[in-house]
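Listed below, chain by chain, are the residues.
Number of protein chains: 2
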Amino acid sequence: MMDTDKRINFGIVGLGTAGSALVQPVLKNKNFRMAGAADLDEQTLARFKADFPEASVFTSAEAIAEAQGIDALFISTPTQFHTGHVLAAIANGKHVVTEKPIATNLEDADLMIEAADKAQVTLMVGHSFGYETPIKAMREVVKNGELGPLRMMHNWYFTDWMYRPRNPEELDTTLGGGVTFRQGSHQFDIIRLLGGGLVRSVRAMTAKFDNSRPAEGAHTVFLEFEDGAAATAVYNGYDRFRSAELGYNVGEGGLPFNLDKYGSARSALRNAGPDNELELKKNVRYGGTSSRNWSNIPDSHPFYGLTIVSCENGDIRQSPDGLLIYSEEEKKEIVIPKGISGRDHILTELKAAMVDNIPPLHDGRWGKANLEVCLAALESSNKRKEIYLNHQKMVQD
Amino acid sequence: MMDTDKRINFGIVGLGTAGSALVQPVLKNKNFRMAGAADLDEQTLARFKADFPEASVFTSAEAIAEAQGIDALFISTPTQFHTGHVLAAIANGKHVVTEKPIATNLEDADLMIEAADKAQVTLMVGHSFGYETPIKAMREVVKNGELGPLRMMHNWYFTDWMYRPRNPEELDTTLGGGVTFRQGSHQFDIIRLLGGGLVRSVRAMTAKFDNSRPAEGAHTVFLEFEDGAAATAVYNGYDRFRSAELGYNVGEGGLPFNLDKYGSARSALRNAGPDNELELKKNVRYGGTSSRNWSNIPDSHPFYGLTIVSCENGDIRQSPDGLLIYSEEEKKEIVIPKGISGRDHILTELKAAMVDNIPPLHDGRWGKANLEVCLAALESSNKRKEIYLNHQKMVQD
Chain D
1 MMDTDKRINF GIVGLGTAGS ALVQPVLKNK NFRMAGAADL DEQTLARFKA DFPEASVFTS
61 AEAIAEAQGI DALFISTPTQ FHTGHVLAAI ANGKHVVTEK PIATNLEDAD LMIEAADKAQ
121 VTLMVGHSFG YETPIKAMRE VVKNGELGPL RMMHNWYFTD WMYRPRNPEE LDTTLGGGVT
181 FRQGSHQFDI IRLLGGGLVR SVRAMTAKFD NSRPAEGAHT VFLEFEDGAA ATAVYNGYDR
241 FRSAELGYNV GEGGLPFNLD KYGSARSALR NAGPDNELEL KKNVRYGGTS SRNWSNIPDS
301 HPFYGLTIVS CENGDIRQSP DGLLIYSEEE KKEIVIPKGI SGRDHILTEL KAAMVDNIPP
361 LHDGRWGKAN LEVCLAALES SNKRKEIYLN HQKMVQD
Chain Y
1 MMDTDKRINF GIVGLGTAGS ALVQPVLKNK NFRMAGAADL DEQTLARFKA DFPEASVFTS
61 AEAIAEAQGI DALFISTPTQ FHTGHVLAAI ANGKHVVTEK PIATNLEDAD LMIEAADKAQ
121 VTLMVGHSFG YETPIKAMRE VVKNGELGPL RMMHNWYFTD WMYRPRNPEE LDTTLGGGVT
181 FRQGSHQFDI IRLLGGGLVR SVRAMTAKFD NSRPAEGAHT VFLEFEDGAA ATAVYNGYDR
241 FRSAELGYNV GEGGLPFNLD KYGSARSALR NAGPDNELEL KKNVRYGGTS SRNWSNIPDS
301 HPFYGLTIVS CENGDIRQSP DGLLIYSEEE KKEIVIPKGI SGRDHILTEL KAAMVDNIPP
361 LHDGRWGKAN LEVCLAALES SNKRKEIYLN HQKMVQD
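For the record, the sequence lines run as chains D and Y.
The C-terminal position of the first sequence is numbered 397 in the working numbering, with every residue numbered one higher than the one before it.
The C-terminal position of the second sequence is numbered 397 in the working numbering, with every residue numbered one higher than the one before it.
Please keep in mind that the hints were generated in silico from the structure rather than gathered at the bench.
Just so you know, not all the hints are guaranteed correct.
Said to hold, decoys possible - Straight-line Cα separation of at most 27 Å, BS3-like style, residue types lysine-lysine; simulated pairs:
hint : chain 1 : residue 1 : chain 2 : residue 2
1    : D       : K208      : Y       : K331
2    : D       : K385      : Y       : K393
3    : D       : K261      : D       : K281
What the hints assert, rightly or not - Sample of chain Y residues at the chain D side, in silico, Cβ under 10 Å:
hint : residue
4    : K208
5    : D210
6    : V221
7    : R240
8    : Y262
9    : S267
10   : L278
11   : W294
12   : S295
13   : L306
14   : I316
15   : S381
16   : K385
17   : E386
Heads up, the beta-carbon is just placed ideally off N, CA and C, and yes, glycines get one too.
Please model the complete structure; the sequences and the hints are all you need to start from.
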């Protein structure tokens, strides 16, 4: 179905923050062509069409799923719609990358995995932070064994996630909302990638601090791997202490942020008033007044909070320019070229799968395994006991 | 038994690092008199006697236990000897503060608690970091409720503990060695104090990274409290990444340390050679060439790594001058006067118990509850499952 010039015709389903973030990576990737987009919001779609007159635009996920001339779709619709949209895409022979978490439950994940297997199309899950260059580099250091066996991994992140403008489903756990689903998907992706993938059990506490934002906004998660390595994932999205204070004042996108503006997400939301949250949220959609410019290369590699890895013979963490390796003899910095983002890596992984038949690391089963950790964290908190996992997948790299 | 001038005649049993650290607090406290010390090492004892000619010196714990003119003893002998030394002191009517952990097992802790109850003498456990001014101040903020219910507490600490000069028992888990006993006792004291004391369960991984130092040198511990609050205690003592990098380059004593000297504890030990470790260890004893000068007030409050507390309406962490409070409206610093150390607080608590009949917070049952968490962490790691606790004690403050 690909064009004779071998470019993959790529479509984006849902032009919110996640969908918009993939536009620049597609544009700069010579293996891809921006072929289309779908969105429910006409203004957003019009802005996209104005930027890409040759691309097709659609007002529904079903329509773009059926469209000719599109090879692969990025499903960046709300989590509760992933299954329907992914299955529609697969039914039309399209390769799919769906946003994390893959679904709100394991059964839906299985439906997608089975459908993709049957149709022999690629199913990937992302963006999640395990795609990012510094984490991939950490994985390489762990894997090459220079620091000995991996024993502990920690990811700790204090953000303003709960007070950024949100659609209702983002604050509804039953629809895959809250930080355990939405941000745990990043943390567990990082931790599972570093640790080799096979989480044995999870013990967690998830918490809702604010009744007006009725989803999990914080969690403390202990993970043990089959090989005995342990990890913690700590998250607090209530816009108070910010973990960037502990490091380089760098955020997820690699951009600096102003720590002096204390609680700015919370106060902006309060000042706007509850009736205007959806409008604020709309402004972050493609080309909106609050949408992010993804075309500049940041001065720093992106940080997803603090990630600290302990092997038997050394530790690893990030620096703005790469990694800090604390080995037996020295603390050294590995400088890693900037400019290749996690979303660039998504496209590379997708192209390799579609064109070169290289199984993607972040396939449906990987995404399901990340989801299993999210669900286990919620269940562990609910039942106040350790939860043992059954659907983990080893890293294939 | 106290003198007519109401001073408490205080003796120190074991003039190692812990014992030596209590000398200055005793000297500057008008309610105490430095009345005696016991040590197996004649040179150490001679240095003490030279500094305090009016104090009595003894070459055994049994002898100082029986000595007249001493009201209270600080038992800073190796952990495996605490029980015998504490019971001897109590049998002679002396009040006791014993170093943490109280013992290597709960049965021994019970023997000491019962003996102290029967003899109606004070039994306390310390020094542990919950005595320190910044942690006590954090507890006050949590307790006064201005930030709402406590939900998460984290203590994360990466040090050189495993490569400082050690006596054999410090590297033997069966004798109470390794970081889970020795440093977990600090972390769990901090966390239990902040959280109100009642830990419900523990899930942990402890790890030995270096066969030549055959005790736990790292751990990852998840704790859930009866009220649903969660905590993590992460420790890595292998002298690689140092958590002081994340903050203010301040250590336990409030002193700055030079992060440029990478791995200096490990290299110093290697350069000295294994045969000389005991000699190096001896030099840190009272008045030795490597002993610390405890008489200066540091520029910063002491830090036991990173302690981050999340309540429903705000977070708390330390600054060099006090606490940072991240409330709904603002990030503010509470400046706390320096100069009152955790060891000063031990003496205050002891005097209050002995003279004013105020039950000490860090009594034998509190120390036993801290020990129960240490033991549960080791057991959880060993059995790879969650361990439920039965001997926790509520904070009385």
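Hints, one by one, checked against the model:
{"no.": "1", "hint": "K208(D) - K331(Y)", "verdict": "holds (21 Å)"}
{"no.": "2", "hint": "K385(D) - K393(Y)", "verdict": "holds (21 Å)"}
{"no.": "3", "hint": "K261(D) - K281(D)", "verdict": "holds (20 Å)"}
{"no.": "4", "hint": "K208", "verdict": "holds (9 Å)"}
{"no.": "5", "hint": "D210", "verdict": "holds (8 Å)"}
{"no.": "6", "hint": "V221", "verdict": "holds (8 Å)"}
{"no.": "7", "hint": "R240", "verdict": "holds (4 Å)"}
{"no.": "8", "hint": "Y262", "verdict": "holds (5 Å)"}
{"no.": "9", "hint": "S267", "verdict": "holds (8 Å)"}
{"no.": "10", "hint": "L278", "verdict": "violated (24 Å)"}
{"no.": "11", "hint": "W294", "verdict": "violated (29 Å)"}
{"no.": "12", "hint": "S295", "verdict": "violated (32 Å)"}
{"no.": "13", "hint": "L306", "verdict": "holds (7 Å)"}
{"no.": "14", "hint": "I316", "verdict": "holds (8 Å)"}
{"no.": "15", "hint": "S381", "verdict": "holds (8 Å)"}
{"no.": "16", "hint": "K385", "verdict": "holds (6 Å)"}
{"no.": "17", "hint": "E386", "verdict": "holds (4 Å)"}
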